[in-house]
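Protein chains in written order, with the working numbering: chain A, 397 to 688; chain B, 3 to 140.
Since the hints were derived computationally from the structure, they do not count as laboratory data. Don't take every hint at face value.
Unchecked claim - So, partial list: chain B residues that the calculated Cβ filter (under 10 angstroms) puts toward chain A:
#1 D5
#2 Q6
#3 E7
#4 Q130
Stated by the list, open to error - Which residues of chain A face chain B? A partial, calculated answer using Cβ under 8 angstroms:
#5 A473
#6 A477
#7 G480
#8 F485
#9 I490
#10 G516
#11 A517
#12 Q629
None of these values were measured; they are calculated from a predicted model. All C-beta atoms, glycine included, are put in the ideal place defined by N, C-alpha and C.
The chain contents come next:
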Amino acid sequence: MYLGYVYCICIQMTDTVMRAATYVGKGGVGKTTSTAHIGVAAVQDHGLDVLLIDLAGTQNDLAASFGLLEDVDDPDAPISAIFGENWEFIRENIPDVVDRMTFSTDEGVDLIPSDVGLSGADNTLASVPLERRYRILDEFISNEIAPRYDLVLMDLPGNENNIVLNGLFATENTIVPLKPGEFERNQLQNLERDLEAITEDTNGDVSPRVSMLIPTMVDLRTNQAEEFVQELQADYPDRACESIPVSQNVSDLQGEGRTLFAAADDELYSTGERAREAYRQATEKLLQKLRQ
Amino acid sequence: MNDQEDAEELLKQSKNQRRHTTDAPAKKDRDGSESVELADAVAEVLGEIDQGDTPSNLTLRDGDLAALFAGLERSGDLDRIVQEAHDALDRDGAPDSLTRATALRLLVRVGLAEIDPSVIDAAIEGKQRYLTDQASNF
Chain A
397 MYLGYVYCIC IQMTDTVMRA ATYVGKGGVG KTTSTAHIGV AAVQDHGLDV
447 LLIDLAGTQN DLAASFGLLE DVDDPDAPIS AIFGENWEFI RENIPDVVDR
497 MTFSTDEGVD LIPSDVGLSG ADNTLASVPL ERRYRILDEF ISNEIAPRYD
547 LVLMDLPGNE NNIVLNGLFA TENTIVPLKP GEFERNQLQN LERDLEAITE
597 DTNGDVSPRV SMLIPTMVDL RTNQAEEFVQ ELQADYPDRA CESIPVSQNV
647 SDLQGEGRTL FAAADDELYS TGERAREAYR QATEKLLQKL RQ
Chain B
3 MNDQEDAEEL LKQSKNQRRH TTDAPAKKDR DGSESVELAD AVAEVLGEID
53 QGDTPSNLTL RDGDLAALFA GLERSGDLDR IVQEAHDALD RDGAPDSLTR
103 ATALRLLVRV GLAEIDPSVI DAAIEGKQRY LTDQASNF
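Just chain A, with the same shape it has in the complex (with noise of 0.2 angstroms):
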């Protein structure tokens, strides 16, 4: 029985862009659910500037959650192509393929979806030369999205594969995900150490270490989920999160198109609310830890 699970956020401050990507290695327990919610909490608390890339699959769950799933369902122009041998020609010859890929929200962020191409994309990523091949997204995030956004959030697969380190590779700070039991302690033990490889394979040129801690889907009715979350914000004061408890507005809005920010407050049980508010304050959290 899950009790609780725990959002990853990779975060990387530039001079000129802040960057987080929410990274775990499950599905089901509300990735995408936090990309979109600290997003738009980004824009609407902080009046930033918000770009959301949804890189996880195919079936575009971050669009789904603003209503956009129609509108991406054959994209314009892919993400996809930025992995490709081709992308400098297109660039050069395309100047606006970077507008083509983005879509606006009814709550404030922009989105580029996912395509299909991802899987392509990933295929193809593997004879480019190592030295290249997972820094192609950071490349693409300081030239094209930098100049244009304050913060960029990256919704990654939950399988390890060439989109995913490029994604680590862009924003180097990583929250792991976790659930109450000794198999996620140990999920967690892992990722910290494949991430310390990253950086020793580099020579620290990468340095993606974990990070910000985001426990989601919390019912604290229960003993075992309060000690876990007690237990999360004992072991990692600098870095657990406010916790988000489960709630069923969350996937009723999604349902909608919609997240909790867009609800009146007569539409939302405390859950909802409580939930609301603690996406508030982690993206408060997280934003404070991106202007250190």
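Following the hints, put chain B in place on chain A, whose structure we already have.
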């Protein structure tokens, strides 16, 4: 088509990539050149064989073929097969021998030539390059 039209077409193709239909592009060396050509590979391996770094024998385990060739020997048909393979390759003179090994050497070449004659041509070119390199070391 002009460059912009080419770029639009490439952009459109990007989203049609699928993992099960996408072949990784030919591996490129650090300077971006394509993989070594077959003739160069043959020349290189001939050198390795001479140095003892690569074995010169080909082996395969196939019960059916083993039975066939044993049968050809016992039935007396192997000589004819060797001769016909020799002729199919337009070789001068007589076959080196009328043994099973000679038959296999010739028949593999016949088969490759039927599938892709350029493979044989590349092999010949590779051998020529290797021999030329050896001669230049005189």
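- Query: Does the CB of G516 of chain A sit less than 8 angstroms away from some CB of chain B?
  - Reply: Cβ of G516 of chain A sits 2 angstroms from chain B, so the hint holds.
- Item | Hinted contact Q6 of chain B with chain A - closest CB pair below 10 angstroms | OK, holds: Q6 of chain B within 10 angstroms of chain A, min 5 angstroms.
- When the least beta-carbon distance from F485 of chain A to chain B is tested against 8 angstroms, hint result: holds (6 angstroms)
- Message: Checking hints one by one. Is A477 of chain A an interface residue toward chain B, by the C-beta closer than 8 angstroms rule?
- Response: Holds - the Cβ of A477 of chain A comes within 8 angstroms of chain B, reaching about 4 angstroms at its closest.
- Task: Would you settle whether the hint for Q629 of chain A is holds or violated, based on the nearest Cβ-Cβ distance to chain B being less than 8 angstroms?
- Result: violated (40 angstroms)
- Message: For the restraint on I490 of chain A, tell me whether the closest CB of chain B is nearer than 8 angstroms.
- Response: holds (5 angstroms)
- Message: Just to be careful: measuring from the Cβ of A517 of chain A to every Cβ in chain B, is the smallest value less than 8 angstroms?
- Response: For A517 of chain A, the interface hint holds, since the closest Cβ of chain B sits about 6 angstroms away, which is under 8 angstroms.
- Item | chain A contact restraint for Q130 of chain B - C-beta distance below 10 angstroms | violated (31 angstroms)
- Quick one, is the E7 of chain B hint okay against chain A at 10 angstroms, beta carbons? It holds, given that the least Cβ distance between E7 of chain B and chain A is near 9 angstroms, below 10 angstroms.
- Task: With a cut-off of 8 angstroms on the beta carbons, see whether G480 of chain A makes it to chain B.
- Result: Given a least distance of 6 angstroms, the restraint on G480 of chain A holds.
- Message: Quick check on A473 of chain A please, does its C-beta sit within 8 angstroms of some C-beta on chain B?
- Response: holds (6 angstroms)
- Message: Does D5 of chain B hold up as a contact with chain A if the rule is Cβ-Cβ below 10 angstroms?
- Response: holds (5 angstroms)
Hint violations for this structure: numbers 4, 12, all remaining hints satisfied.
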